[in-house]
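Start from the sequences and build out the full structure, keeping to the hints where you can.
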Amino acid sequence: MESADATDRLSVDFERVVSYDNAVSDDDQAQKLFGEQESAADLPAPSGSSAPPPSPTPSSSGASAASGPPSASSAPPKGAAGDGTSSSGSPDASSSGATPTDLQPRTLSDVGDEAYLDDRLNTSGSTAEQRTVTVVFRTSNVIVTLQYEEQPMAVGAVPDSKEMQDRALNLASRLDDALGG
Numbered sequence: 001m002e003s004a005d006a007t008d009r010l011s012v013d014f015e016r017v018v019s020y021d022n023a024v025s026d027d028d029q030a031q032k033l034f035g036e037q038e039s040a041a042d043l044p045a046p047s048g049s050s051a052p053p054p055s056p057t058p059s060s061s062g063a064s065a066a067s068g069p070p071s072a073s074s075a076p077p078k079g080a081a082g083d084g085t086s087s088s089g090s091p092d093a094s095s096s097g098a099t100p101t102d103l104q105p106r107t108l109s110d111v112g113d114e115a116y117l118d119d120r121l122n123t124s125g126s127t128a129e130q131r132t133v134t135v136v137f138r139t140s141n142v143i144v145t146l147q148y149e150e151q152p153m154a155v156g157a158v159p160d161s162k163e164m165q166d167r168a169l170n171l172a173s174r175l176d177d178a179l180g181g
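Those letters in the sequence shown? Residues 1 to 181, per full-length UniProt numbering, in order.
Just so you know, the hints here were simulated from the structure itself, not pulled from any lab data. There could be a bad hint or two in this list.
Computed beta-carbon distance windows for the label pairs [stated by the list, open to error]:
#: 1; residue 1: 154; residue 2: 24; range: 46 to 56 Å
#: 2; residue 1: 24; residue 2: 162; range: 34 to 44 Å
#: 3; residue 1: 28; residue 2: 154; range: 40 to 50 Å
#: 4; residue 1: 170; residue 2: 107; range: 32 to 42 Å
In this text, a Cβ means the ideal position worked out from N, Cα and C, and glycines have one as well.
Following this line, the structure appears as structure tokens:
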């Protein structure tokens, strides 16, 4: 969807996981695939611990699995910022470079059997910065990947992390309810 302020894109992927091994249930196979996707997302340590940011060492855990939906991003976060904008839509100097703890990528306990949220800010030089919020959840043997991207039209504008996360989580919750989760 395009407006005068930004271009938004939403994609939703449903994957029904089936195990072809009689010793492994469909749910167990889905749980294994979800765990692999969550590991590949390289989420920071759970909140409550003041762990340092992820190491800048390149990771070889790229999404090479052909049986799952693509990961949120193959690139590590580059200076992911939180809300980052003032009410006028311009960068907010007080929040540059820091993401409030409650807006950082994290596991979720209130959507599906298991879920996580990833929030990446793609800084691409002097152009407007694109934010991608991804919510992945598993309900039984169905893995749902919801990816919400926003690209502001104005140079230097930063998409609002909280607003995007709230929208993505609201939709994920509604999809979970529709799937019977």
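How the hints compare with the structure:
1. 154 x 24: 46 to 56 Å: 50 Å, holds
2. 24 x 162: 34 to 44 Å: With a Cβ separation near 39 Å, residue 24 and residue 162 satisfy 34 to 44 Å, so the hint holds.
3. 28 x 154: 40 to 50 Å: 48 Å, holds
4. 170 x 107: 32 to 42 Å: Because 18 Å falls outside the window, the suggested range is violated.
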